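Chemist: On the provided structure of chain A, position chain B as indicated by the hints.
There are 2 protein chains.
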Amino acid sequence: MSQILLSYGSGGKLTHQLIREIFIRYFDNPILSQMNDSAVFSINGKVAFTTDSYTVTPIFFPGGDIGELAINGTVNDLSMMGAKPMYISIGFIIEEGFSIEDLERIAMSIKKASREAGVEVVTGDTKVVEKGKADKLFINTSGIGIIPEGVDIRGNNAIPGDVVIVSGTIGDHGIAILSQRKDLHFSVEIKSDTAPLNRMVEEMIKVADIHVLRDPTRGGLATTLNEIAQSSDVGIEIYESEIPISPPVENACNLLGLDPLYIANEGKLIAIAPKDKASKLLEVMHKFPYGKEAKIIGEVTQEHPDIVVLHTRFGSHRILDMLSGDPLPRIC
Amino acid sequence: MSQILLSYGSGGKLTHQLIREIFIRYFDNPILSQMNDSAVFSINGKVAFTTDSYTVTPIFFPGGDIGELAINGTVNDLSMMGAKPMYISIGFIIEEGFSIEDLERIAMSIKKASREAGVEVVTGDTKVVEKGKADKLFINTSGIGIIPEGVDIRGNNAIPGDVVIVSGTIGDHGIAILSQRKDLHFSVEIKSDTAPLNRMVEEMIKVADIHVLRDPTRGGLATTLNEIAQSSDVGIEIYESEIPISPPVENACNLLGLDPLYIANEGKLIAIAPKDKASKLLEVMHKFPYGKEAKIIGEVTQEHPDIVVLHTRFGSHRILDMLSGDPLPRIC
Numbered sequence: 002m003s004q005i006l007l008s009y010g011s012g013g014k015l016t017h018q019l020i021r022e023i024f025i026r027y028f029d030n031p032i033l034s035q036m037n038d039s040a041v042f043s044i045n046g047k048v049a050f051t052t053d054s055y056t057v058t059p060i061f062f063p064g065g066d067i068g069e070l071a072i073n074g075t076v077n078d079l080s081m082m083g084a085k086p087m088y089i090s091i092g093f094i095i096e097e098g099f100s101i102e103d104l105e106r107i108a109m110s111i112k113k114a115s116r117e118a119g120v121e122v123v124t125g126d127t128k129v130v131e132k133g134k135a136d137k138l139f140i141n142t143s144g145i146g147i148i149p150e151g152v153d154i155r156g157n158n159a160i161p162g163d164v165v166i167v168s169g170t171i172g173d174h175g176i177a178i179l180s181q182r183k184d185l186h187f188s189v190e191i192k193s194d195t196a197p198l199n200r201m202v203e204e205m206i207k208v209a210d211i212h213v214l215r216d217p218t219r220g221g222l223a224t225t226l227n228e229i230a231q232s233s234d235v236g237i238e239i240y241e242s243e244i245p246i247s248p249p250v251e252n253a254c255n256l257l258g259l260d261p262l263y264i265a266n267e268g269k270l271i272a273i274a275p276k277d278k279a280s281k282l283l284e285v286m287h288k289f290p291y292g293k294e295a296k297i298i299g300e301v302t303q304e305h306p307d308i309v310v311l312h313t314r315f316g317s318h319r320i321l322d323m324l325s326g327d328p329l330p331r332i333c
Numbered sequence: 002m003s004q005i006l007l008s009y010g011s012g013g014k015l016t017h018q019l020i021r022e023i024f025i026r027y028f029d030n031p032i033l034s035q036m037n038d039s040a041v042f043s044i045n046g047k048v049a050f051t052t053d054s055y056t057v058t059p060i061f062f063p064g065g066d067i068g069e070l071a072i073n074g075t076v077n078d079l080s081m082m083g084a085k086p087m088y089i090s091i092g093f094i095i096e097e098g099f100s101i102e103d104l105e106r107i108a109m110s111i112k113k114a115s116r117e118a119g120v121e122v123v124t125g126d127t128k129v130v131e132k133g134k135a136d137k138l139f140i141n142t143s144g145i146g147i148i149p150e151g152v153d154i155r156g157n158n159a160i161p162g163d164v165v166i167v168s169g170t171i172g173d174h175g176i177a178i179l180s181q182r183k184d185l186h187f188s189v190e191i192k193s194d195t196a197p198l199n200r201m202v203e204e205m206i207k208v209a210d211i212h213v214l215r216d217p218t219r220g221g222l223a224t225t226l227n228e229i230a231q232s233s234d235v236g237i238e239i240y241e242s243e244i245p246i247s248p249p250v251e252n253a254c255n256l257l258g259l260d261p262l263y264i265a266n267e268g269k270l271i272a273i274a275p276k277d278k279a280s281k282l283l284e285v286m287h288k289f290p291y292g293k294e295a296k297i298i299g300e301v302t303q304e305h306p307d308i309v310v311l312h313t314r315f316g317s318h319r320i321l322d323m324l325s326g327d328p329l330p331r332i333c
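So the protein lines, in turn, are chains A and B. Taking my numbering, I'd label the letters of the first sequence as residues 2 to 333. Taking my numbering, I'd label the letters of the second sequence as residues 2 to 333.
Check before you lean on any hint, since a few could be wrong.
Any copy will do: because identical chains look the same in the list, a pair fits if it lies in one copy or spans two.
[Stated by the list, open to error] Straight line, CA to CA, 35 Å or less: simulated DSBU-like cross-link-like pairs of lysine-lysine: (1) Lys137 - Lys288; (2) Lys132 - Lys293; (3) Lys192 - Lys112; (4) Lys296 - Lys281; (5) Lys278 - Lys14; (6) Lys183 - Lys281; (7) Lys192 - Lys278; (8) Lys113 - Lys278; (9) Lys296 - Lys137; (10) Lys47 - Lys183; (11) Lys14 - Lys296; (12) Lys278 - Lys137; (13) Lys112 - Lys132; (14) Lys47 - Lys14; (15) Lys132 - Lys278.
Derived by calculation from the structure, the hints in this document are not laboratory data. Note that the structure is a prediction, hence the values are computed from the model and not measured.
Okay, chain A solo, but in the shape it has when bound (with noise of 0.2 Å):
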């Protein structure tokens, strides 16, 4: 069979065939292959616990795919709040008639991820639908990490003197599904930041305090910056020509007239953390490689509480609002 028939949805024997050859195949470990309704684990301590769907469309993009992206995704979503993590569940809708061959592509790209990010895709869910009721492939990723001892990272614990680092160039996954869409040949190929930053942030959390984490995806760093500044009543100011930006996805905001403030990262943290620390965080960082031009772009400030000022690089300063609007649907 070349193709999914609703048939795989049943929970009967195809059901069972499609997960053997190709979740079981891919996936394998101890946990999964038991095939239980639920998988089981023991953990001791505090966990964090998140899920996200993706429905990025074109499926296959520069630099990844929808099953590389969902790994990542989830595995940054832990991260964010300092965890290890540790257990993935994933849920497939799939549009009858999708191509096995591409199912097995996308597998084959979890298993890779989660080899790379160091977890385990320890229980699942397949969903087919009748064609023209899903386009393509829907995945849901849900993720249990473990937070060490003594790490609390979150939303509200921003305070005024705090810096504002961010971990490489914006916007490069938001063009690099644009550029697909739109059919745009840029002279250089842009692609996908989608990237797993728990280890990075494993060794951060060793070397300073961090205060807040985020990871600026839908919405971009301006909408999470807001979304920091508005849960810990503090002001954040920001500075134009200290974030980075790579050329290409510059030209490409330019000629489009979008602003790369607003576009969505995949690869990408904002760490905010005392200023002390940040040289040291830097130096971390910088050993990485999704970390290598991780930048300080701005500070935590008393002043205008709520409010995200960005310094242009003329000398002007003006008001960050949070997206409204949505220049670039199914990014993710």
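Modeler: This is chain B only, laid out in the frame that chain A set:
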């Protein structure tokens, strides 16, 4: 606004508004309301972790809706490991143009079902896809439960001599959904049996060393018994005359040429336990509304391992195979 727009999935202002005005409003609890990238709580011991996506159509049906089904389904998957369900994540994939009134109705139903089962929705995610790219609303629920010390219930634990108990009438959910799809009008309205089984399971595991628990959802009683037989490498024999089926479901199955043994249930369980504990177990089950028609329907045998045999009402017997094909897609 009366309809979901693409911008509600942007991660920006409208997403925050939707989360605040619907999800936080209905599901509010101290963990969820922190609005971090992950929910944080403490756990000590053995846990069960499960995921399920729900694509049922229609989303409102006699006896329930997709929201209630999503909570009960995940609560039951955890219960089938003997776990006490605790924390639930919800991921919505919503089709552009979906009615906000219907979304609120579903949120209310999720709230009600969570309360009945005693679980909390602690984290969530919302994606919106363009009109025609999904069918109204899909929901993923993942869940975490705590397994009490000493409890070890697994699909591969059945042993010869055990009895097979079913908690009540079979086929109700599948036929309730089918009645809506084909616009069939039966003289008696058939309602879905969607229900949380955790409180009954909690008492059951106190009185007997249960070997296997399973909820016969997709694929029905026959498929689930086959899974258990294969997993435990035992034979199973069941008696048609002992299997509880409500007369309206039996009539509908006759009319439609369907075998109720393959029809989905959403509020029933199969328990496999030592014979000498059977009467004690039934006594406990009969005290619960969702177990008052519990019955012994068969036994586990050493003969014909991996095979389920049905003794018919007419004194003959035949092999009962797993579901092949799919008589009823999108039943859950």
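Chemist: Does each hint hold? Answer for all of them.
Modeler: Tested hints:
Taking the shortest alpha-carbon separations for lysine 137 and lysine 288, neither the intra-copy value of 39 Å nor the inter-copy value of 46 Å comes in at or below 35 Å. With identical chains, the CA atoms of lysine 132 and lysine 293 are never at most 35 Å apart, being 44 Å at best within one copy and 41 Å at best between copies. For a Cα distance limit of 35 Å, the shortest separation of lysine 192 from lysine 112 inside one copy, 20 Å, qualifies, whereas the shortest one across copies, 41 Å, does not. Taking CA atoms no more than 35 Å apart as the test, lysine 296 paired with lysine 281 passes inside one copy only; the shortest distance there is 12 Å, against 66 Å between copies.
In this homomeric assembly, lysine 278 and lysine 14 come within 35 Å of each other (Cα to Cα) only across copies, at 33 Å, whereas the closest approach inside a single copy is 57 Å. With identical chains, the CA atoms of lysine 183 and lysine 281 are never at most 35 Å apart, being 42 Å at best within one copy and 66 Å at best between copies. For a Cα distance limit of 35 Å, the shortest separation of lysine 192 from lysine 278 inside one copy, 32 Å, qualifies, whereas the shortest one across copies, 61 Å, does not. Taking the closest pair of Cα atoms, lysine 113 and lysine 278 come within 35 Å of each other only inside a single copy of the chain (34 Å); across copies the shortest separation is 47 Å, beyond that limit.
For the identical chains of this complex, lysine 296 and lysine 137 are neighbours neither inside a copy (39 Å) nor across copies (43 Å), given an alpha-carbon limit of 35 Å. With identical chains, the CA atoms of lysine 47 and lysine 183 are never at most 35 Å apart, being 44 Å at best within one copy and 49 Å at best between copies. In this homomeric assembly, lysine 14 and lysine 296 come within 35 Å of each other (Cα to Cα) only across copies, at 27 Å, whereas the closest approach inside a single copy is 54 Å. When the C-alpha separation of lysine 278 and lysine 137 is checked against a cutoff of 35 Å, the pair qualifies neither within a copy, at 46 Å, nor between copies, at 49 Å.
Taking the closest pair of Cα atoms, lysine 112 and lysine 132 come within 35 Å of each other both inside a single copy (27 Å) and across two copies (32 Å). Within a single copy, lysine 47 and lysine 14 get their C-alpha atoms only as close as 40 Å, which misses the 35 Å cut-off; across copies the closest is 31 Å, which meets it. In this assembly of identical chains, the alpha carbons of lysine 132 and lysine 278 never lie at most 35 Å apart, being 54 Å within a copy and 48 Å across copies at closest.
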